[in-house]
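The primary structure of each chain is shown beneath.
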Amino acid sequence: MERDLEQLHSALNYLKVLRSNVGQVFETVSNGLGANHGEEGKENKFMIELQELLTTVNNNLRDIETTVSNLTTPTGPFNLGNTSYLSQETTQERQALYSQLVNSYRWTDKVRDYSSLAGNILATNSVSKTYKTLSTTKRRKTQTSNHNVPPEVIESLITSIDRLFPDVTITASRPFAPNPIIQASLGRVLKSIIAFKGLMIEWVVVKAHSESNDLWTESRYRVLRKVTENCHAAMCHFHSPTMPELAVRSFMHWFHSYNTLFSSPCKRCGNYLHSNLPPTWRDLRTLEPYHEDCK
Amino acid sequence: MGVTVLQQFPIVENRTGPLTIDLLTKRISALGATQQGQFLVDCETFTSIQQLGHQRTVHVLHNSEQPATVFSILETGTKTIPLATDGLFDLLMTKMNNFYTAKKQTKVESKGPRFEIGDFLVKLGSVTITQNFKGVLVEVEYKPCVVPAMCWELMREFLQGFLGSSVPNTPPAYLQNRMQEIYTPIDTIHQYLEQFTMYRKSPGMRT
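Those protein sequences? They're chains U and S, same order as listed. For the first sequence, the positions run 441 to 735 when the working numbering is used. For the second sequence, the positions run -4 to 202 when the working numbering is used.
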């Protein structure tokens, strides 16, 4: 197959050369005698030139013939599957279908390529967002839902977190039936408003103590907006549908490290400020403070 | 309202007040600050008349950051009593003209441009006592934080980065006693009064 293609390519190349050379012959003939042939015996010179050109054309023709004879004729008609019926289509507007078919074929081909690539990449960085594991060999028992848990369970989780850290005070409200919104004040540094969905954290926003408890407006301070952003990242990082209580606990543990937001220097550069912001990132495992650009 | 540090900026010889403000403006702009209007803090001092017995002093201050409030600090000699009231207090003082008289030639002002840079608020004030230029006061506020102890190191880094080595490593005397308390606007007023008193005492320019 590979060799066939190569030969086909070279045959087409020879054809191109032939065409250009024939074009040159006609150009010379149409130009006729010119000043560049000199004065003496100009007819002779012209004839010689023409002859040379014709020889090259002859040679090209021979090349083509040999390559064409080397080509293998395809065995039988190409198998186009059901697409061959498209050629029997008589209505005008549907005759363009074939090109569309080819396009969509290319598309699906690409989709296949990309999805296999993406599959490879995702397999190495598995995010445990879904119940399904990539390997289908292990059969897990079906999980119970974490979206629909009795309010008492959430209540006990919140009180246990409240007891875990002495400088975090938590007040809960339930504007949306069983799903509580808690306001966690971290010492005198900041407060966060956390919305739960069942046992899972749904939304976090970090604000200063002087700001409203509204869930939808951002803080007016740049540093706290940055912390909100990082909290979202951590929320996704700690999220685990299989062990929701642990996820909430580890998130709160990480969040607790912000009680030194203004008072601890960056672990990497040793400074307090970088582009007028204190270290707003806390390492997810070691809880050490880093600047946005230092981590 | 965040923690505020008021800092005197020394005036080098043969550099005038406007030139110093200009220099600081250039520095803060180079750091990426944008100017957000002007500011003004002023202070007038009244003393009680002799018939009232033991002499008391009232300092009345205005801060453009809290435009609807009049701050006053009463010094009885043994105690200082701060008071934050609304604008009518000014009228009350004029009514009490017979008991509390304004000291002559003591109106102090600090005014100049106001800059925002990240969460910091920087104000470059030139201090004048009855129109005579006395020196330069730089006010830096870090808005998100309310406890001085938590953010002093951070503010020191900012101040030293922008004012140079004229910034001491310890917080201003007034703040040192209140490092763990929540910062309020009256604390800024106290710092201004402290600085203004020093300007009043020193004749000529403070360098």
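Calculated directly from the structure, the hints in this document are not laboratory data. We put the beta carbon where it would ideally sit given N, CA and C, even for glycine. Check each hint, because a few of them may be wrong.
From the structure, some residues in chain S lie toward chain U, with a derived Cβ separation under 7 Å [unchecked claim]:
(1) 48
(2) 51
(3) 111
(4) 113
(5) 140
(6) 145
(7) 146
(8) 148
(9) 149
(10) 153
For lysine-lysine, the following BS3-like pairs were computed, each having C-alpha atoms within a straight-line distance of at most 30 Å [what the hints assert, rightly or not]:
(11) 90(S) x 74(S)
(12) 707(U) x 666(U)
(13) 74(S) x 99(S)
(14) 21(S) x 90(S)
(15) 138(S) x 666(U)
(16) 21(S) x 74(S)
(17) 735(U) x 707(U)
(18) 98(S) x 21(S)
(19) 735(U) x 138(S)
(20) 102(S) x 707(U)
(21) 196(S) x 98(S)
(22) 666(U) x 99(S)
From the derived model, a few chain S residues whose C-beta atoms are all more than 10 Å from chain U [unchecked claim]:
(23) 9
(24) 41
(25) 75
(26) 102
(27) 112
(28) 177
(29) 197
Hints, verified against the model:
With its C-beta approaching chain U no nearer than about 42 Å, residue 48(S) sits outside the 7 Å limit, and its interface hint is violated. At its closest, the beta carbon of residue 51(S) sits 34 Å from a beta carbon of chain U; the interface hint therefore is violated under the 7 Å criterion. For residue 111(S), the shortest C-beta to C-beta distance to chain U is roughly 10 Å, which exceeds 7 Å, and the interface hint is violated. Checking residue 113(S) against chain U: minimum C-beta separation of about 3 Å stays under 7 Å; hint holds.
Because the closest C-beta pair between residue 140(S) and chain U is about 5 Å apart, less than 7 Å, the hint holds. Satisfaction of the interface hint for residue 145(S) is found here, the shortest Cβ-Cβ separation to chain U being roughly 5 Å, below the 7 Å cut-off. The beta carbon of residue 146(S) is positioned within 7 Å of a beta carbon in chain U (closest approach about 4 Å), and the interface hint is therefore held. Given the 7 Å rule on beta carbons, the hint for residue 148(S) holds: about 6 Å separates it from the nearest Cβ of chain U.
With 7 Å as the threshold, the beta carbon of residue 149(S) comes within range of chain U, its nearest partner Cβ sitting at about 4 Å, so the hint holds. Here the hint on residue 153(S) is kept, as its CB sits about 6 Å from the closest CB of chain U, short of 7 Å. Restraint check for residue 90(S) and residue 74(S): satisfied, since their Cα atoms lie roughly 24 Å apart, inside the 30 Å limit. Proximity of residue 707(U) to residue 666(U) is assessed by CA-CA distance (about 18 Å); at most 30 Å being required, the pair is judged to hold.
In summary, the hint linking residue 74(S) to residue 99(S) is supported, as the alpha carbons are separated by about 24 Å, within the 30 Å threshold. Distance check on the hinted pair: residue 21(S) and residue 90(S) sit about 45 Å apart at the alpha-carbon level, beyond 30 Å; violated. A C-alpha spacing of about 15 Å is found between residue 138(S) and residue 666(U), which places the hinted pair at or below 30 Å, so the restraint holds. Proposed proximity of residue 21(S) and residue 74(S) is contradicted: the alpha carbons are some 42 Å apart, above 30 Å.
In summary, the hint linking residue 735(U) to residue 707(U) is supported, as the alpha carbons are separated by about 9 Å, within the 30 Å threshold. With a C-alpha separation of about 37 Å, the suggested pair residue 98(S) and residue 21(S) falls outside the 30 Å cut-off, and the hint is violated. With a C-alpha separation of about 25 Å, the suggested pair residue 735(U) and residue 138(S) falls inside the 30 Å cut-off, and the hint holds. As the CA atoms of residue 102(S) and residue 707(U) are separated by approximately 48 Å, the hinted pair breaks the 30 Å bound.
Among the hinted pairs, residue 196(S) with residue 98(S) is consistent with the structure: their alpha-carbon atoms are about 14 Å apart, no more than 30 Å. The suggested pairing of residue 666(U) with residue 99(S) is violated, with an alpha-carbon distance near 51 Å, which exceeds 30 Å. For residue 9(S), the non-interface assignment is confirmed: its Cβ lies about 33 Å from the closest Cβ of chain U, beyond the 10 Å cut-off. With 10 Å as the threshold on Cβ separation, the claim that residue 41(S) sits away from chain U holds: the shortest Cβ distance comes to roughly 33 Å.
Residue-level check passed: residue 75(S) sits 25 Å from the nearest beta carbon of chain U, beyond 10 Å. Distance check on residue 102(S): its Cβ is at least 33 Å (rounded) from any Cβ of chain U, clearing the 10 Å threshold; non-interface status holds. Not every beta carbon of chain U lies more than 10 Å from that of residue 112(S), the smallest distance being close to 6 Å; the non-interface claim is violated. Distance to chain U contradicts residue 177(S) as a non-interface residue, since its nearest Cβ pair spans about 7 Å, not more than 10 Å.
No beta-carbon of chain U comes within 10 Å of the beta-carbon of residue 197(S); the shortest separation is about 33 Å.
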